[in-house]
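Student: When you get a sec, could you build the whole thing from the sequences and use the hints?
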Amino acid sequence: MSGSLTPMRPQPSEATFRVAVVGGGPSGFYAAEGLLRSALPIAVDMFDRLPTPFGLVRSGVAPDHPKLKQVAAVFDRIAHTPGFRYVGGVAIGEDVPLETLRASYHAVILATGAMVDRRMGVPGEGLAGSRSAGEFVGWYNGHPDYSHLRFDLSSERAVVVGHGNVALDVARILLKTADELRHTDIAEHALGALAESRIREVHVVGRRGPCETRFSPKELHEFSDLTSCEPALDEDDLAPHSFASPANAGPDTRAALGMLEAFARGPRTKPRRCVFRFHLDPIAIEGDGRVERAMFRRTRCGEGDAGAELVAIECGLLFSSIGRRSAPLAGAPYDEARGVHANIEGRVVAASAVVPGLYVCGWSKRGPEGTIGANRACSAGTVERVLADLASLAAPPLAAERLIAGAAPRSGSVVDYAAWKRIDAAEVERGRRAGKPREKFVTIGEMIDVGGRRADACCR
Amino acid sequence: MAYVVTDLCCGCRYTECVTVCPVECFHVDETMTYIDPDNCIDCGGCVPVCPVGAIQASYLLAPDKVSWIEINRARSAETPTIISKLPPLPTAEERRKALSA
Ligand SMILES: Cc1cc2nc3c(=O)[nH]c(=O)nc-3n(C[C@H](O)[C@H](O)[C@H](O)COP(=O)(O)OP(=O)(O)OC[C@H]3O[C@@H](n4cnc5c(N)ncnc54)[C@H](O)[C@@H]3O)c2cc1C
Ligand code: SF4
Ligand code: SF4
Numbered sequence: 001m002s003g004s005l006t007p008m009r010p011q012p013s014e015a016t017f018r019v020a021v022v023g024g025g026p027s028g029f030y031a032a033e034g035l036l037r038s039a040l041p042i043a044v045d046m047f048d049r050l051p052t053p054f055g056l057v058r059s060g061v062a063p064d065h066p067k068l069k070q071v072a073a074v075f076d077r078i079a080h081t082p083g084f085r086y087v088g089g090v091a092i093g094e095d096v097p098l099e100t101l102r103a104s105y106h107a108v109i110l111a112t113g114a115m116v117d118r119r120m121g122v123p124g125e126g127l128a129g130s131r132s133a134g135e136f137v138g139w140y141n142g143h144p145d146y147s148h149l150r151f152d153l154s155s156e157r158a159v160v161v162g163h164g165n166v167a168l169d170v171a172r173i174l175l176k177t178a179d180e181l182r183h184t185d186i187a188e189h190a191l192g193a194l195a196e197s198r199i200r201e202v203h204v205v206g207r208r209g210p211c212e213t214r215f216s217p218k219e220l221h222e223f224s225d226l227t228s229c230e231p232a233l234d235e236d237d238l239a240p241h242s243f244a245s246p247a248n249a250g251p252d253t254r255a256a257l258g259m260l261e262a263f264a265r266g267p268r269t270k271p272r273r274c275v276f277r278f279h280l281d282p283i284a285i286e287g288d289g290r291v292e293r294a295m296f297r298r299t300r301c302g303e304g305d306a307g308a309e310l311v312a313i314e315c316g317l318l319f320s321s322i323g324r325r326s327a328p329l330a331g332a333p334y335d336e337a338r339g340v341h342a343n344i345e346g347r348v349v350a351a352s353a354v355v356p357g358l359y360v361c362g363w364s365k366r367g368p369e370g371t372i373g374a375n376r377a378c379s380a381g382t383v384e385r386v387l388a389d390l391a392s393l394a395a396p397p398l399a400a401e402r403l404i405a406g407a408a409p410r411s412g413s414v415v416d417y418a419a420w421k422r423i424d425a426a427e428v429e430r431g432r433r434a435g436k437p438r439e440k441f442v443t444i445g446e447m448i449d450v451g452g453r454r455a456d457a458c459c460r
Numbered sequence: 001m002a003y004v005v006t007d008l009c010c011g012c013r014y015t016e017c018v019t020v021c022p023v024e025c026f027h028v029d030e031t032m033t034y035i036d037p038d039n040c041i042d043c044g045g046c047v048p049v050c051p052v053g054a055i056q057a058s059y060l061l062a063p064d065k066v067s068w069i070e071i072n073r074a075r076s077a078e079t080p081t082i083i084s085k086l087p088p089l090p091t092a093e094e095r096r097k098a099l100s101a
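Residue numbers (full-length UniProt numbering), protein chains in the order written: chain A, 1 to 460; chain B, 1 to 101.
Everything labelled a hint here was simulated from the structure, so no lab data went into it.
Taking lysine-lysine and the DSBU-like style, the derived pairs with C-alpha atoms no more than 30 angstroms apart in a straight line are:
id: 1; chain 1: B; residue 1: Lys85; chain 2: A; residue 2: Lys69
id: 2; chain 1: A; residue 1: Lys67; chain 2: A; residue 2: Lys421
id: 3; chain 1: B; residue 1: Lys65; chain 2: A; residue 2: Lys67
id: 4; chain 1: A; residue 1: Lys270; chain 2: A; residue 2: Lys67
id: 5; chain 1: A; residue 1: Lys67; chain 2: B; residue 2: Lys85
id: 6; chain 1: A; residue 1: Lys69; chain 2: B; residue 2: Lys65
id: 7; chain 1: B; residue 1: Lys65; chain 2: B; residue 2: Lys85
id: 8; chain 1: A; residue 1: Lys69; chain 2: A; residue 2: Lys421
Anything over 10 angstroms on all C-beta distances counts as not near chain B; from chain A, calculated:
id: 9; residue: Leu36
id: 10; residue: Asp152
id: 11; residue: Pro271
id: 12; residue: Pro328
Where is the CB? At the ideal position from N, CA and C, for every residue including glycine.
Tutor: Next up, the structure:
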């Protein structure tokens, strides 16, 4: 029974359109929902390279944001819609070529997210102690690609380059006390390491000014409420009108600016600090064998002194958090400039000609922007295109059942939704004993063991 | 905490907000939308997409808007959910212009 998967539902009838969704994150689930809600007879198989579904809701969203993770209940409901099937532990492009997948379904929707961290491209980026935010986030969230990493938390100061919400997550997790994290679903190894951390100050550094950040007010607000840490600004970075709202600013921009302005005047009484730094462009990371300082050039616009002044920040750890792009997938044209699968409004295109039956949604369609729900509108748009095209698409020459049965993933097994529910229940039970909502399994081997479908159990 | 639709939405009802809510917790009546505070997961995604700035986090509400917390709770219990975009009310375009002027 190597790699076999018992169909959870009756085989779809011949009249049914078969659609494969590649990626079990929010956009993949919202695409499946749109397809299954439509009036057409459609069966959806969702593939993910991991045994566990939910993409960045599981491995990106910070452990101290439990309320957001309740969105998983919506995905769970979608997964129980008749016609839906989950095929976890199968990486398209590695375990199964995209071409074979396309030949087994009427249509394929790529929902592969943005797994690759952008690099700053400055000298010294490869030094020990220089990391990407994505590696740290994956580590504390127990993503099996990153759970083996080690971070040296023995210095007093860390630098995070980037002014988006991911940078705020990284800074907050570094600055919270172990007691503030203990009852979250943070991975056990990360909690242990962070409890020993000597980091007392994190500088969150951006190239632009306070009115040009991508911080959401909600995430900024959390810094005024931490047990042992308070937010601060550095006066040297500010100009007289740094906090003036641009004329067309929306409510979020105004709220974020107001909070940063309040941080600048806040008290200094707690032992840890998060310092928001502005108008600093990274030019090098320096140190003897490992990170000792980060070098920036001051870029204050409109002052005539841009580029004149160099600023050094001593630190033992540096994270770049300057964006992500989609991992290219063999067989899908890639848009280098945007860092996504090349597409026009969700239809994949090669040199502006539509590739029939191939679509894209979510972060791999429009880049890493917007909240979880933005993917709902995004996937709904792609599904509209699929529904419009389906009747004209050729019937697949190959059988999806054969493809699934023959998928030989790294782990030697595939995980269906019932197996994921067993993994889920086991994680929740482990968490209950530790006073946490969940204690994740952090290796694929453990997940597959618990899912109960390990085909090569004898050779462990 | 939850997010709250305020009276700026009245007579406008662009339903941009509804399309980005990950948990479908918007409700609607003839004049405006409401957020069900028990289902809202505080993602904040609906705030920037509302063309008239009608939605705000409850803790950021101006004093004269605080009463909308209770109105959202009460009206969302009495009205149907809305899961996709509605055609804007006939007065919408006018309202948007008036509010952005
Ligand atoms: C650190 C971080 C924190 C965030 N915090 C928040 C927050 O607080 N609030 C909020 O609203 N949003 C947050 N987001 C944004 C949110 O997570 C994204 O909007 C959303 O996850 C994007 O959905 P997606 O489906 O496009 O991609 P993803 O969630 O990345 O899902 C992609 C899926 O595809 C799978 N996959 C990739 N390649 C393949 C392949 N070749 N074969 C099979 N499967 C594959 C991956 O394993 C993954 O499961 C955060 C994002 C990050 C990075
Ligand atoms: S987008 Fe704004 S104005 Fe439109 S319905 Fe939603 S809250 Fe009301
Ligand atoms: S904050 Fe998020 S969950 Fe709450 S109503 Fe707005 S979009 Fe929906």
